[in-house]
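Engineer: Join these two chains into a complex; the hints should help.
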Amino acid sequence: MSFKYQKYIEALFVHCPPSDYVAKERMAFRFVFGDTYHKNYKNNFLPVLIIKPTRKNGRRFKKDSSKCQGYALSFFDTLKNAKEKYAEIKKDNPNISEYIGTHIAEGIIEKEEGVVSKTDKKGHFSLHEFEETNLDKKFRVVSSLD
Amino acid sequence: MQKITGYSLENFPLNLRDIVDLIYFDGPLLTLFENEYGDSYLYYWCDIDEQCNRWLVFRVTKKTLRFYITQKLALRELILNPVDGFLYSIELDDDLQYRQTYLISPPNLPPKYIPAVDSYYDFSKLDSEDTEAKGLILEKIWDEKQELGHLLIKLFDKHPTKIGEPSFA
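These protein sequence lines map, in sequence, to chains A and B. Note that my numbering numbers the first sequence so that position 50 is 50, with each residue one more than the last. Just remember that my numbering sits 1000 ahead of the position in the second sequence, which is counted from 1.
Each hint should be verified, as a subset may be incorrect.
[Said to hold, decoys possible] Straight-line C-alpha distance at most 27 Å; calculated DSSO-like pairs for lysine-lysine:
| no. | chain 1 | residue 1 | chain 2 | residue 2 |
| --- | --- | --- | --- | --- |
| 1 | A | K90 | B | K1063 |
| 2 | A | K111 | A | K80 |
| 3 | B | K1134 | A | K118 |
| 4 | A | K39 | B | K1112 |
| 5 | B | K1062 | A | K90 |
[What the hints assert, rightly or not] Label-pair distances were calculated between CB atoms; the ranges are:
| no. | chain 1 | residue 1 | chain 2 | residue 2 | range |
| --- | --- | --- | --- | --- | --- |
| 6 | B | G1038 | A | R140 | 48 to 58 Å |
| 7 | A | L12 | B | G1085 | 43 to 53 Å |
| 8 | A | D35 | B | L1136 | 32 to 42 Å |
| 9 | B | L1136 | A | D64 | 11 to 21 Å |
| 10 | B | D1094 | A | E10 | 18 to 28 Å |
| 11 | B | D1039 | A | M1 | 45 to 55 Å |
| 12 | B | S1105 | A | M27 | 44 to 54 Å |
[Claimed, not checked] Facing chain A, according to a computed beta carbon distance under 7 Å, are these residues of chain B, among others:
| no. | residue |
| --- | --- |
| 13 | I1023 |
| 14 | L1029 |
| 15 | I1048 |
| 16 | D1095 |
| 17 | P1115 |
| 18 | A1116 |
These are calculated hints, taken from the structure and not from any lab test. Glycine is no exception: its CB is placed at the ideal position from the N, C-alpha and C atoms.
Extracted from the complex, chain B is given alone in its bound form (with noise of 0.2 Å):
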């Protein structure tokens, strides 16, 4: 694993419960957690090696996961960036224990970590076996109908049928 440098921490102190992947190939890439007030938390996986897997964890706004989805930012700038100033890394064995935790400031994260400018949101990259997973990061991102049937248009490419209702490949 890159060298990391940051404050360590004895646990990790939030509670957070998984929601959605929004990146999948053999295995999560990004994924949409959620604390018990709803505010939304990102796991980004940044590395491994024998005994854990490594994930930076941060908190965005919904505004800025919307402006994510709809690739108005990279995930490059939501790293960089993130909401409360600091990043969480965390290590993950495979029984799912937390091995260890740093806070990390962004400017100390290892080049490896951090994604292209490019680094663009689309749906092709969600997990093709996960057919509720759209539905989900929708909702998650858009509160008002109306706005979700504009989002829908610009997506798909078409009208839903009744907006509030929309039906989703």
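Same shape as in the complex, but just chain A (with noise of 0.2 Å):
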């Protein structure tokens, strides 16, 4: 099966996604906009690459498999994680908000919906789409960040 992104990431020179990554369900919580007129509500289920193709050219984006991230989602395995992350990030930035959502929407990843990586200590993962996924049909917004 293809994958969402799969023009940019068979350019790659690692193997995308990650092997370790499987297909499976999986409840998952996202930072979303969730004001339907607020200007970044359309880039909730595009991954970083897409919504900045430029930054690919940086130093963060350097290594293949960095890139390979950054065509990837971020989720958490609860709500209570996806919170706990949001209020550590805000200590260190209290306007973060305004970067990486202001809602956390609630969904149910299928397993014909892409490959997801280990759940790593404090709950999130990550997902590479494949090809016929949409999410943004399916989540709901479940709780407001602030």
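Structural biologist: Laid out in structure tokens, this is it:
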């Protein structure tokens, strides 16, 4: 099955997605902009390097493995972990909601929709979507971040 | 974006190169830079609009940077007490071109740009994909091998196999 950003990831000189990513059903929580009129609402389910393609020229995305990650979407496994991460980031950057979102959306990622990484100790995981996946149609806002 | 009260500059006067992201979530939020003499500067993300990201840029000494990494100083203290007494506010567009530069005095910073009292650092704020970041940070804040060994013991709760040649996870 093709990935949503196949033409970008097949140009990389690494195995992308990494071989430990697997297709499985997961409950998932993601930072989003809840207001449909917000300037970034349209980007709610777009990976970093699709929103800002020029960033792949910066140091952060110099390695192909990092570029691969730039075509994935970030999620958390529980609402609690998503809220805790937001609180942690907000201590350092009180204005962070302008960048990462104002709300948390919840949904189920089906195994037909992509492959996911292992969950880290703070509940974060990444998804490489398959071609036909449209998560913005299935996720719903469940909590405000402030 | 928040309204800025500061002195407008025609150009950003520093020539800095980026070293390592200290805080990262879907993009860098705090990055260590250096000038041509090895002086350290921090780029602190603070705001965004349709065209630009705004960053506060300020010089830090090796000592204050070390105190921040080892949780003796909060990020708030670094931002409110910059070594030079002022911060630069720069706006960078998507092509990383400078659009606006201001000199700002810390008392004029918008409250939304000031970290919390307990904004202490820990390595979990690094980008998990950046496997070299921990080592780079330690290299930048510590000169003496013995002191580095002590820091490693404190941070990772174990003795390095050989001081001076640490193995980072």
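Engineer: It remains to establish, for every hint, whether it holds in the given structure.
Structural biologist: Structure-based check of all given hints:
1. A/K90 - B/K1063: holds, 25 Å
2. A/K111 - A/K80: holds, 23 Å
3. B/K1134 - A/K118: holds, 21 Å
4. A/K39 - B/K1112: The hint holds at about 20 Å.
5. B/K1062 - A/K90: holds, 25 Å
6. B/G1038 - A/R140: 48 to 58 Å: Because 51 Å falls inside the window, the suggested range holds.
7. A/L12 - B/G1085: 43 to 53 Å: Holds, at about 45 Å.
8. A/D35 - B/L1136: 32 to 42 Å: Since the Cβ atoms of A/D35 and B/L1136 sit about 39 Å apart, the hinted range of 32 to 42 Å holds.
9. B/L1136 - A/D64: 11 to 21 Å: Cβ of B/L1136 to Cβ of A/D64: about 20 Å, so the range 11 to 21 Å holds.
10. B/D1094 - A/E10: 18 to 28 Å: Holds, since B/D1094 and A/E10 (Cβ atoms, about 25 Å apart) stay within the stated range.
11. B/D1039 - A/M1: 45 to 55 Å: At roughly 51 Å between Cβ atoms, A/M1 and B/D1039 fall inside 45 to 55 Å, so the hint holds.
12. B/S1105 - A/M27: 44 to 54 Å: Given range 44 to 54 Å: holds, Cβ gap about 48 Å.
13. I1023: Nearest chain A Cβ about 6 Å off; hint holds.
14. L1029: holds, 5 Å
15. I1048: With a closest approach of 5 Å, the B/I1048 hint holds.
16. D1095: holds, 6 Å
17. P1115: This hint holds: B/P1115 lies near chain A, its Cβ roughly 5 Å from the closest one there, short of 7 Å.
18. A1116: Result: holds, 4 Å to nearest chain A Cβ.
Hint violations for this structure: none, all hints satisfied.
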